[in-house]
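Engineer: Dock chain L against the given chain B, drawing on the hints supplied.
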Amino acid sequence: MSILMELFFTFVKIGLFTFGGGYAMISMIENNCVEKKAWITHDEMMDVTVIAESTPGPIAINCATFTGYKKAGFLGALAATLGVVVPSFIVIFLISMFLDNFLEITIVANAFKGIKVGVGLLILDAAITMINKMQKKKLSRLIMICSCVTMLCINAFAWNFSSISLMIIAAIISLLVFVLRGTQEQKGGAKK
Amino acid sequence: MIYIELFLGFLKVGCFAFGGAYGAIPLIRDVVLTYGWIDEEMLTYMIAVSESTPGSIMVNLATYIGSNQAGFLGAVIATLAVATPSFLIVLLITTLLQNVLKNRYAQAILRGLKPCVIGIVLATGIYMVVSNCVGAISDVKLSVQAITITAVLILLMIGYKHIAKKKLSPIILIVLSAVAGMVVYGV
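Protein chains in written order, with our numbering: chain B, 210 to 401; chain L, 30 to 216.
Pulled out of the complex, with its shape left as it was, chain B reads as follows (with noise of 0.2 angstroms):
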């Protein structure tokens, strides 16, 4: 089999056995393509993880598009990315064309209900993971406060303020803070 093929075949099973997203599909990564096949090393698994985390966009295909160039280059990227993609696209397409009408029975309606209020409460407890897991620094926290409060005012009062809009103030505050800094210690004022 050609490595172009494994390589899709691969991040199939990869995309169809992982539930949960991102997170969960880093650990079966590192089994199929670390442990098992050997394609890239543990080093790099470790380096993919922190380019997935600091850069936009799903986390399996951050893994796929790393792993697949490392193997066969910019095809390899493009066969394993479209691999991990292929197996959620194909069930989500099928859910699609029935949910609507699932919906209509009562029960599913009811027991919709019950998810809706489930995944506030998931979105909530994501939350705070993540704030447990955030740098312990004054400015983190002020600005992850100063956004919440600002993103429940967006949402309370239907404001018209995206939330990209929201992102891009914090990480032009962030590098400003930054840039002051330097020059401050530059002139020998302020120790941080």
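Keep in mind that the hints are not guaranteed to be accurate.
[As the list claims (entries may be wrong)] Partial list, derived from the structure: chain B residues whose beta carbon lies under 10 angstroms from chain L: (1) Met-306; (2) Gly-329; (3) Lys-346; (4) Thr-359.
Hint data in this document are derived by calculation from the structure and do not stem from the laboratory.
For glycine and all other residues, C-beta sits at the position ideal for the given N, C-alpha and C.
Structural biologist: Using the frame of chain B, we list chain L on its own:
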């Protein structure tokens, strides 16, 4: 045209979705509600479906919304759009810009982005839980059923964590909340 809208909308999501699936949910919510593709209720249902089916949550949501708005081609376009930015960025980083993430200025930007994303996710979680229970500010409507389910689920989550010393898996939580919904709204 819907195809172009889908492409641009999900390209935006792909470019700014820092912090994994939950970091992306507020962003997708933003884009989806702005374009008016599906309503909040349906989006919440789809988050649960995406969490309980294999694959990346972001990709799943893109596929669903694309399919819902413009059939098979819509699904393909939305999925490609959400995947393209991270595909290109990883290629760029592994080939040309191997040290870009170690750059001090890039680090400073990330130090601002990450807590901001966490704040946004926290706000989205709080808003969803509160609005489920008491409705929106413009339309206050206490829901005894939702409050009951919220209380039961929180107790289960905390109880499980104390006894099993680990977190309840998201899929189990969704199953439990479905059962709670059937019971509470059924009687």
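Engineer: Run every hint past the structure and note whether it holds.
Structural biologist: Right, here's what the structure says about each hint:
1. Met-306: 7 angstroms, holds
2. Gly-329: 3 angstroms, holds
3. Lys-346: Since chain L brings a Cβ to about 8 angstroms from Lys-346/B, closer than 10 angstroms, the hint holds.
4. Thr-359: Cβ of Thr-359/B sits 8 angstroms from chain L, so the hint holds.
When the structure is compared with the earlier hints, no violation turns up for any of them.
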